[in-house]
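Asker: Kindly generate the complete structure, drawing on both the sequences and the hints.
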Amino acid sequence: EVQLVESGGGLVQPGGSLRLSCAASGFTFSSHWMNWVRQASGKGLEWVAAIKQGGSEKYYVDSVKGRFTISRDDAKSSLHLQMNSLRAEDTALYYCARGPSYGERPDFLDPWGQGALVTVSS
Amino acid sequence: DIVMTQSPLSLPVTPGEPASISCRSSQSLLDSNGYNYLDWYLQKPGQSPQLLIYFVSNRASGVPDRFSGSGSGTDFTLKISRVEAEDVGIYYCMQSLQIPLTFGGGTKVEIK
Chain A
147 EVQLVESGGG LVQPGGSLRL SCAASGFTFS SHWMNWVRQA SGKGLEWVAA IKQGGSEKYY
207 VDSVKGRFTI SRDDAKSSLH LQMNSLRAED TALYYCARGP SYGERPDFLD PWGQGALVTV
267 SS
Chain W
242 DIVMTQSPLS LPVTPGEPAS ISCRSSQSLL DSNGYNYLDW YLQKPGQSPQ LLIYFVSNRA
302 SGVPDRFSGS GSGTDFTLKI SRVEAEDVGI YYCMQSLQIP LTFGGGTKVE IK
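Protein chains in written order, with the numbering used here: chain A, 147 to 268; chain W, 242 to 353.
Note that these hints are calculated values from the structure, not bench results. Incorrect hints may have been included.
[As the list claims (entries may be wrong)] Take a look, some chain A residues computed to stay more than 10 Å from chain W by CB distance:
hint	residue
1	Gln159
2	Ser171
3	Ala234
[To be verified] Cβ-Cβ distance ranges computed for the label pairs, FRET-style:
hint	chain 1	residue 1	chain 2	residue 2	range
4	A	Asp219	W	Ser261	26 to 32 Å
5	A	Pro160	W	Glu258	21 to 27 Å
6	A	Ser187	W	Ile352	21 to 27 Å
7	A	Gly172	W	Lys285	17 to 23 Å
8	A	Ser247	W	Glu327	25 to 31 Å
9	A	Leu157	W	Arg307	27 to 33 Å
In this text, a Cβ means the ideal position worked out from N, Cα and C, and glycines have one as well.
Answerer: Okay, structure coming up:
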């Protein structure tokens, strides 16, 4: 069974840092695009970042560029999101989502983890 | 960025009746390879989103055949042939032609 389990969420002050992790199992992690998507409470979905197989290509939404870094550890089947200079507007449930095992873009997201809650507040 | 617009925002449905959701993109999602990069997701109450349909009309594994997708270019539709109680939730379209991936605002489907 394919599983994605996020961890590392919590309460952090504005300007602080947090590192999210996503433990993957049930599939060949190294073969897939991987993504982070967030959802503020009661709001819609916002794609945050993607990383291609091998980790050489990384993409971000403009609002997090220069503050967030996506990375992967294929040996441990894990995905990470290092979040620095956090702002109140980064408060959201952060989902890890698997992309396809082919292609030049993260065509679709399947499956998704259960999410890790990040709250940025003083 | 490609802007995705869904309608309606809310869709009250009667079990057994059909339902339809529209999604429009601010630019064509048709790539030179002939594929339209448009997916549909369903977020059931209290759950994570799940992939329903990819590349406009391909059902994801385990998705019932009462769900179907159509469209090309900038106009897309998700149809449920006969709504069941388990279909309630928020439906999102998403384009994956360009980075950043962008989602529609969502359509909340609820039982009348």
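Asker: Check the non-interface label on A:Ala234: least C-beta distance to chain W beyond 10 Å or not.
Answerer: Holds: least Cβ distance 21 Å, greater than 10 Å.
Asker: Is 21 to 27 Å respected by the C-beta to C-beta distance linking A:Ser187 and W:Ile352?
Answerer: Since the Cβ atoms of A:Ser187 and W:Ile352 sit about 24 Å apart, the hinted range of 21 to 27 Å holds.
Asker: Taking 21 to 27 Å as the stated bounds, is the beta-carbon spacing between A:Pro160 and W:Glu258 within them?
Answerer: 48 Å, violated
Asker: Confirm or reject the claim that A:Leu157 and W:Arg307 have a C-beta distance inside 27 to 33 Å.
Answerer: 42 Å, violated
Asker: When you look at the beta carbon of A:Ser171, is every beta carbon of chain W farther off than 10 Å?
Answerer: About 16 Å separates A:Ser171 from the closest Cβ of chain W, which puts it past 10 Å; holds.
Asker: Does the Cβ pair A:Ser247, W:Glu327 satisfy 25 to 31 Å?
Answerer: 29 Å, holds
Asker: Beyond 10 Å from every Cβ of chain W: is that where the Cβ of A:Gln159 lies?
Answerer: Check passes; 27 Å lies beyond 10 Å.
Asker: Is 26 to 32 Å right for how far apart the beta carbons of A:Asp219 and W:Ser261 are?
Answerer: Since A:Asp219 and W:Ser261 have Cβ atoms about 43 Å apart, the given range 26 to 32 Å is violated.
Asker: Lying within 17 to 23 Å: is that true of the beta-carbon distance A:Gly172 to W:Lys285?
Answerer: For A:Gly172 and W:Lys285 the Cβ distance comes to about 21 Å; the hint holds.
In this structure, the earlier hints numbered 4, 5, 9 are contradicted, and the remaining ones agree with it.
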